[in-house]
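Trainee: Residue numbers (this note's numbering), protein chains in the order written: chain F, 1 to 184; chain E, 1001 to 1184.
Source of the hints: derived by calculation from the structure; they are not laboratory data.
Taking beta-carbon pairs under 7 Å as the criterion, some of the chain E residues facing chain F (in silico):
id, residue
1, S1039
2, D1041
3, W1042
4, V1044
5, G1045
6, F1046
7, D1048
8, E1050
9, I1084
10, T1129
11, K1130
From chain E, some residues computed to sit far from chain F (all C-beta separations above 10 Å):
id, residue
12, Q1058
13, M1063
14, K1089
15, V1099
16, I1112
17, E1116
18, E1120
19, M1123
20, S1124
21, I1142
22, M1145
23, K1178
Computed from a prediction, not measured in an experiment: that's the story for all the values here.
C-beta atoms are modelled at their ideal positions from N, C-alpha and C, and glycine is treated no differently.
Number of protein chains: 2
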Amino acid sequence: MTEIGQSAGNPVFKANTGDPQRPYARYPSRRQEESMELSPDWVVGFVDGEGCFHVSVQSHPEMTAGYQVLPEFVVVQHIRDIQILYALKKFFKGGVVRVNHDERYCYRVRKIEQLEEICEFFMSHPLKTKKNVDFKKFRKIILLMKEQKHLNKEGLKQIIDLAMQMNTTERPALERVKKTLENG
Amino acid sequence: MTEIGQSAGNPVFKANTGDPQRPYARYPSRRQEESMELSPDWVVGFVDGEGCFHVSVQSHPEMTAGYQVLPEFVVVQHIRDIQILYALKKFFKGGVVRVNHDERYCYRVRKIEQLEEICEFFMSHPLKTKKNVDFKKFRKIILLMKEQKHLNKEGLKQIIDLAMQMNTTERPALERVKKTLENG
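Here chain F stands alone, though its shape is the one from the complex (with noise of 0.2 Å):
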């Protein structure tokens, strides 16, 4: 029962409850998603396309400058695609695959010591689309936490103005957080 590729009917498979003109909606197994190998070329064509840095700030009163700052990498697929999510996730042996919306899933990875691993990845594997400039602002992001400067009001308006440099639709948000905190 642990081959892979067997005929429907098999429990490795789950049904298709999809379109029926789509022959491929017959989704893998774990097991089947796991056996996926990436190469590193691949992965940065692949994030290069599909691929998210993406950094947030919230009000959390509990943090000394009031602020909470949420970097996070994410590639997002439909569901058929979910082994992709799968094996970026044995790839850079961290993260999680979580549903997004609809028959859409995430692979995210949120822990700081994970970005530093993934951020190291790209500085010897560079994207080669635009993406890249913001993947260098990320980068300094996560390195500025690395050295807790998003506890203090000073390291946070610097991280405030590296995000607002980035692709985001963040930029209201934080230009929001930048005030309150410039009047603070």
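With chain F's structure known, arrange chain E on it following the hints.
Mentor: Below, chain E alone, put in the same frame as chain F:
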């Protein structure tokens, strides 16, 4: 004046008329674009994320079966990453880079001979996402066209059946052509 990466004002750069927050919005010249080297694995990863194998069928009274089959391989990017599109053109030794819509550009291949070569590449360097299932249908269509099967009604129906199994927004249009052929 031929060096790469000179300061703003050098004519190899086009002016940034977009978002002043985006430091990379100074677009590279075609000379810079062509200097980018892509590895096969990077191309596979990027196409897994951003590539599209597309087949449409259009009415064409001069063709024997009354319809023309139009297969194409397309990669769309924002203009900030137009250099990637030129690098793909160089990598695949063919195709064109064109405006898609607004600030989006596409790398597009339509010539059957070039599509055949692209199919050979993705046969020896398989896509890892479920896009590979679409690609295989696409390749079958290219092989049928190479054998001139698209010029008679039976071959055309076979091609339409394959195209309808792909991840496509063309399905209603293909369905209409199929019905016309069956009734004709």
